[in-house]
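Chains as they are written, first to last, in my numbering: chain A, 1 to 192; chain B, 193 to 858; chain C, 859 to 1138.
None of these hints come from the bench; they were simulated from the model. Warning: the hint list may mix true and false statements.
[Unchecked claim] With a cut-off of at most 16 Å between alpha-carbon atoms, the simulated EDC-like pairs for lysine to aspartate or glutamate come out as follows:
id	chain 1	residue 1	chain 2	residue 2
1	A	Lys173	C	Glu893
2	B	Lys598	C	Asp1021
3	A	Lys154	C	Glu1059
4	B	Lys551	C	Asp1041
5	C	Lys948	C	Glu925
6	B	Lys426	B	Asp299
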Amino acid sequence: MNTANPLPQACATARVIEALAHTHLYDCYQCGKCTAGCPMAAQMDIAPNRLIRLLQLGRGREALDAQSIWQCVSCQTCATRCPKSVNCAGIMDALRQLSMEEGRVSPAQRRVMLFQKAFLDNIRRNGRLHELELIVQFKLAGFMHDRRFSLLFKDATLAPKLNKRKKLHLRGKKVRDRAVLRRIFARSMDHS
Amino acid sequence: MSRIGVFICWCGENIARTVDVDALAQEVSKFPGVRCAMNYKYVCSDPGQALVREKIAAEKLDAVVIASCSPHMHLKTFRRAAQLAGLNPYKVEMANIREHCSWVHHDRAKATAKAASLIRLSVEKARLDHELQPIRVPVTRRALVIGGGVAGIQAALDIADAGYEVVMVEREPSIGGKMAGLSETFPTLDCSQCILTPRMVEVGQHPRIKLYSYSEVERVEGYIGNFTITIRQKARYVDISKCTGCGDCWSVCPLKRNKSEFDYGMGVRASIYVPFPQAVPARPVIDAKTCAKIIRNGCGLCEKKCKAGAINFQDTDKLVEEKVGAVVVATGYKLYDIGEKQDKASLAGYGEYGYGQYKDVIDSLQFERLLSASGPTNGVLKRPSDGAEPKNVVFISCVGSRDNAKGLPYCSKICCMYTAKHAMLYKHKVHDGQAHVFYMDIRAGGKGYEEFVRRAIEQDGAKYYRGRVSKITQEDGKLVVRGADTLAGVPITVEADLVVLAAAMRPADGVAELAQKLNVGYDEFGFLLESHPKLRPVETNAAGVFVCGACQAPKDIPESVAQASAAASKVAVTFAADELMREPEIAGINEQTCVACYACLRACPYHAIEQAEVRTPRGVFVKHTARVNPGLCMGCGTCVAVCPSKSADLEGFTEQQIYAMVESLV
Amino acid sequence: MNIGYYPGCALHGSSDDYEESLRACLRALDVQLQEIDEWICCGATAAHALNQKLSTALPARNLALAERGGFGEMLAPCPMCSMQLIKAQKALAGNEGLRREMSGIVELEVRGTTRVLNLIQVFEQVGLDRLKAALKSPLKSLSAACYYGCLLTRPPDVVEFDDCEQPRSMEAFLTALGAKTVDWSYRTECCGGGMTLASEETVLDLSHKILSNAAAHGANCLVVACPMCHVNLDMKQPDIERRYGVRHGLVIYYLSDVVGMALGLPESALGINRHFVGKA
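Turn these sequences into a full structure, and let the hints steer you where they fit.
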């Protein structure tokens, strides 16, 4: 038993997760069907059922630090097949949100988080996703994070191929009222 | 003026700790009609009962109130004591000052006051008690056993061996039930048929057992000791009194590729068939759905071939009546249908396991047939798709069981054991094979059970993974089973040749309808309700109707047999007396004021009210009325509540008594 | 038939071949699509991964716009969009407090009354009979593996569409239009979804398994109804083949491609010539 994690605070994490994911963590009886069906489980450091177990044990911080929450592809298989109707996919979302808010994102997985952030930032500014801009934005953010040139130019060869198929749109369509987007984002991020 | 004695029990400390029994006796002695009031440490003890008897005699008491525990506990005790002292036992009332007072309160003064109020109610009721006599009903000493599986067989043989006649009704063409199809049985691995078929033969030959096979209970009338059962004998198209069971008919039948019900589709049978060689009765039946003669007046070869002239294509269902005094329900179970079709919307099936899609994904009873020496493969393990010997077999527990989302929340209890048995028997047949078991928990409570499971793991090398399986896919001719091992926290993938699903146990089809005919309760899953889970495990709330086996809850063979013997002994107890005594606290109708609206008849859950006529002694018709059948009435009082003309009343709980009790408090 | 249309970002980006295809196909079937004015991104995985409130607010704005446009029904051809929209719509319809909160956040009154349809459901509304009547060139050469992916049928209590483990709705159309369909195991397995950029190996691995299983079961093409699935299985297919040293050569059709082909539309009108993997 790890006594380094004071129970009340860690339990608070579990309560926040339950509220965000609209689910009951203690319904889980650890059958492992979530992990069994997860397309990413083999690569994960902490499999889905173990993340839930950590939360049940009041060791939520270990879950927030996990790489696996960023490896999740949100395919919803876990929640669909759960015999106890635990919203495991929702728990993954909630863990990501909390992990980011508390600055605990696993360094190895920061690229995924940067992508999601770049995605949201892109739609905050344009209303709709502008793919080319997202790629550039994400590549730069990723480069700033890990300084890997190989990743920076990895998909550059794709551009002419996309262009040949008239799939490369240099100027994305934007919505007219973009100010409302910024207000929607501000209100949604506001936790008070 | 009444002469009522009140006896306040301390129940050791249970009551006396919270209730001031001395003050209480003093207060109660002042209640109108109370002749004497006293307290005693254990009124239910021998000296306590002696005290009650002495006071009845000495004080010439005409009613008694015992203030103690629940009447469930000791009403009978005190009624007997009163009777010994010459007081009508129905002039005994109990005030429950333990469960309703001392156990649930802390404040001594308030608890004592409440106890006084409870006693006041009982005193008021006792003042208006009538002398009642128990109802005597004659008893037909014959029993009906519904279901001819191992539980029904055990119950029938026990009752018959006790000297009573038994009528057994079995829905299928043969008795034997699920057990007849099993290979070997845990934890001793004795051959299922070897131990069951002699019992089946005993049933078939027993002079006191009358067997209706291929028959169902159509209607149930009457009450304990006096049931009239209508049985539907389904058209068999074979006169079993003429048939010799020679087998000419099924060997000549050209339609031999029908899926065998007994083999759960793993084998085939002809359109005229005996379900299995050891069947009782060993007489064939014609499957009207596939027989060419019945469908389109073709073929008819069996009729031509039969030397005994036993084939009768004009056969129809027949209804017969039997009189019995008690009923044993032993209708057993079926497996949860894993495929997509379910009888309830909440049971969504298990599409992810591909049952019904992949031929080599089968359920546990199908696997039993593949293992069985008398099965379609003669006990050689061949997988259904191509007959190859499977080298890797995956067993999955809890398919449907313990699955709140799309199955059933309860544990089916026997799957852990038979899965261990399957893994073991598989290894005994395929020495170079590997059994893989996915489980959530191993539930092996029972004599020799835990040791049995360990043997499967330690000696027969079954690999156990603690986790559920999420999905089965078919890749390159293999079944790819994707599960997890939560102990290691990793996903596990097994490439299998055969997958066996341990499907949940559910009550057999039609049990709910049967329960309604018998006035027996059933739970949300359809399992029949016993009248007390611990102390009355084979009785039901319908007098004279008993349950045993898997119709009551998932259970294994030893438990089913034990319960069947228990039900048989309850039947024997019922039959031991010349007459049955029933409590007289039943409803009655004032036939003069009854307006014959029959609201009571429609409301009565026990079908105890009938339409009747009031006639003068000379037989002149006066009026219509409702009338209570005292044999059926359970004294629930529903008729009293619905009667618009206030003509119904309940002995022992008359409206007058209830009003008096209420008035005493206000 | 007149119906609201929410294209979603992908169909106005690199998956505009999907839009080209479904517009041509539905035009031929007399279904008029009316694009929701000023629609915004649904938030996709990024919103529900990082901010639960935003993942309701973005769809709520779109639902409000659809309601303002008077649309009782709205096609969202991307399953990610349609799942997000349906989830928000159900939450809004059943929770007055949330309706009030969201109306405030998105600056438009939203009631959650617009029914969101995926592409298959629109074809179902057109009906098998009408499709069969309009059939010009039966799809005899196709041996199709219908691929549903994740979000067309999941989460089942949200999308309430088809059987989430053994879906068959696309097969029904393909069979009616003369194609053969294969019985295969990876109908609802995930292709990696939106991880294409963030975690490419994931996508290549998952998509490779899907393509392999389809081929092993005798498919000569896959039929999808999702832009992300198409990107991962079509655009990434050369990368998959290189990485695993195999040749799949499986054409990835949108459902509207094959319906359009059966209706006699030329491949160029359906944008099929713009796919990465062409016919062998």
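Verification of the hints:
Among the hinted pairs, Lys173 of chain A with Glu893 of chain C is consistent with the structure: their alpha-carbon atoms are about 14 Å apart, no more than 16 Å. For the given pair, Lys598 of chain B sits about 13 Å from Asp1021 of chain C by alpha-carbon distance, which is consistent with the 16 Å threshold. Restraint check for Lys154 of chain A and Glu1059 of chain C: satisfied, since their Cα atoms lie roughly 13 Å apart, inside the 16 Å limit. Among the hinted pairs, Lys551 of chain B with Asp1041 of chain C is consistent with the structure: their alpha-carbon atoms are about 13 Å apart, no more than 16 Å.
Among the hinted pairs, Lys948 of chain C with Glu925 of chain C is consistent with the structure: their alpha-carbon atoms are about 14 Å apart, no more than 16 Å. Proposed proximity of Lys426 of chain B and Asp299 of chain B is contradicted: the alpha carbons are some 67 Å apart, above 16 Å.
Consistency with the previously given hints fails for number 6 only.
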